[in-house]
Amino acid sequence: MSLSERFEVLRDEALNSAEYGDESPGREIFDAISRRLRKREVVDSDDEMDIDLSLHDALSRRLAWGEDPSAVLVDCQEVSQRILDAARRSFSSADEAIAIIAIVTVVSCAASRHLARVTVERASKEKAALRRELMAQRQLSSVLEHQSELLK
Amino acid sequence: MPNTRDDSAPAHSSSTFESSVSGELNSGESLSDSNFSVQSAGLTDVGLEREENQDCISVNPELGVYLVLDGMGGHQGGATASRIGCEVAAEVMQHGLASGRAHGELLVDAAKQAGARIHVDANRHSELHGMGTTFVGVVFANPQLAYIAHVGDSRAYLMRDHRLSRLTEDHTVVAELVALGKLTPAQAHNHPHSSVLSRNLGGLHTTNVDLSELHLKPFDRILLCSDGLNGYATQGDIEKIVDGAILPENASADLVELAKRGGGGDNVSVIIIDVGRHNQSSNSNSDTERLRRDGAQAWWKRRKLFLRVCSDMGLAESSIAAGLDKSEAISLLAGSYCEAVYHDLNNTSGVHVWTFADSLVTAWLGKSSSYPPLRELFDTLRAASLAVCEDLSQEDQDFGVCLEIAVLRSLVVGEMVIGSQMSTRIQKLSAEIAATAPSTELPDATFSGNPTIPFGDFEARSQPLSDLSDDVALALETSLSETKAALSLDHNPYLAIVLSAANESALDHNGKQEMSGTARELYGNHLLGESELNTIVAALDKARVAQLSEIRRAPTTDSGAQRTAFYLLSSAHQILFHALAMIVIEAGKPTSDRLQELQQETERLRLRVSRNQDILAHDVDIDTVEEPSP
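From first to last, the protein sequence lines stand for chains A and B. Start counting the first sequence at 1; every next residue gets the next number (the working numbering). Start counting the second sequence at 1001; every next residue gets the next number (the working numbering).
Wrong hints could be hidden among the right ones.
Result set (PhoX-like, lysine-lysine): computed pairs, CA atoms no more than 25 angstroms apart in a straight line [said to hold, decoys possible]:
1. B:1260 - B:1240
2. B:1428 - B:1367
3. B:1542 - A:39
4. B:1542 - B:1217
5. B:1589 - A:125
6. B:1326 - B:1304
Derived by calculation from the structure, the hints in this document are not laboratory data.
For reference, chain A alone in the conformation it holds in the complex (with noise of 0.2 angstroms):
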């Protein structure tokens, strides 16, 4: 069995599988890994900045979907610390052990940085939305005092 076979066996230990099914939350994370792994096996290097738009697409659709930005990222911190353990547990080759804990760090650090990323343009966005918010007060308030004037 490859590695990334023998990774996939620690799907429903990592995962809330039992409850949730194939929707259990943190999922984008050990699938992020499991892709990672696949790869290594056919292009045989692992550049550790390489940018996982699958993984960023399921973080942004969870967020879009309405899900808070810290749940999501407690589930991705969860399932990934459990990875890591039963990464440390279960790979007799340290080798092996090695190469995926670095995997499970590479893809957790990408969905934290993502999150983050995503909160500071919403909120460049929410600052601007703001800003015209109050500015609609003020124009609306002068028109409440003309209108008032009017009804006198």
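We have chain A already, so just place chain B on it with the hints.
What follows is chain B alone, placed relative to chain A:
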């Protein structure tokens, strides 16, 4: 601490040069070239016990000349000596530099001429007889080279690579006896005459002046001080402040405060000179930088408004303030919070509000008191904060919004403290209930998290990590030192913080939750939407990749130790990244909440306008139309 008797914020107002004035801050910047630039600030204070300030400082960033003099001799003699010394030395330096004299030689000459003038004046006026002064001075030949001259026990220190080292040896009788081998350092430490000077300016017509040359690197920070600082603060504490403060103004004000907290028995004077630091921070006109620069001042100027709103909202009647009269209650609750926000804005940190909230909430909940008064208190603080921001928005709307976001973030910190304390309280209660309730069978958990199919020797490696073996600890330490050597830490201050925090967390693998403190230190009080996040994230990535690569690359005979070290370090880096992301997410929440509030308010206004339009269009009787509800 801000001076609560004055509306002006402390020690951040003056950029003009005046010396020997108590509490006067001197700051400025000059001496820039393509690679380096020098920024400085100085402060002298009378202290807590003396009636007169006999110290004198001179900060001349244009010439690159910085002097600290500590006068001695009763009946105004000390103050006169240091003032004369300062004036003469500054004048000699000015003329000498204009005529192109060599910097080091000129500084020594300036000190000698100052000493000679003091000596002459002391002999001329009987009431000034015996006066003298210490002297420590720096002159920059260029931003990479400085000369330091000193006489007496005023000191010069250098902060480099987060370590504070002393550049001058005190000219005391005891120190010279130690140098001659007649006393041991231990004997010198407890010597009754350890503070008696062997040299000063003014005691004799000519004085030997020690001169040293200092080659500077970017991010070096020089500290000049009188013995009012090092006599009342440990070198460790001085090091923390000099290393931690972002700007020289902050460092000098904090050092004076440190000496006062240590007793403040003597006049205290400090000058901080930064080499090449401010290019990355204070030149930035980002919202964060502007907020730090001007936001704290703007906030502090509106302190009275803040206190008035709190008072009007009945904060003094809160049961938290029971037993206090109204002014005490307002000062204790609203005043302390206002001060904490000021310091956090000023230092781009969140620790002051955290400390305020933690002390308050611990004390209140510790008495088994109820939650609602705390809620009311924080609601009042929030309303008063928004009133201050609104007031600022009248002058500058954009800046008002920035301040509002920052202040709301402070309140989030307070809310987090409440949440954490409440959670601890609930856990305690649950434990108590569980201990007294009859045991019941719990249903099987749907998700056990138990191992599924272990590969290899499961039993041996599934044990939780207890104490780390020496091999693991050695691997971690080696990777840290190798990584530090490989990376250029000077150019990115975040790298050193990340590397050390990850390593400490890995070594103390049960204390990983402390990472949120490190993440908070990294992120500070930055506003969202700025390039700082990218800088921090880049530092986190760089440190992680480098440190983990070192572990993998290191030759080892024990693969188990290598695997454990790699696991611990990876885990630590993940937690740090996660903590940073969580802080960023927290930081975004106040903006979202505030936006929702504003949107509701706008909608309400819009409905009122629409109602009025209907009335005006159809000439309806105003009393018959219902008030719209949002």
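These are the hints, each one checked on the structure:
no.	hint	result
1	B:1260 - B:1240	16 angstroms, holds
2	B:1428 - B:1367	14 angstroms, holds
3	B:1542 - A:39	23 angstroms, holds
4	B:1542 - B:1217	23 angstroms, holds
5	B:1589 - A:125	13 angstroms, holds
6	B:1326 - B:1304	15 angstroms, holds
Hint compliance for this structure: every hint is met.
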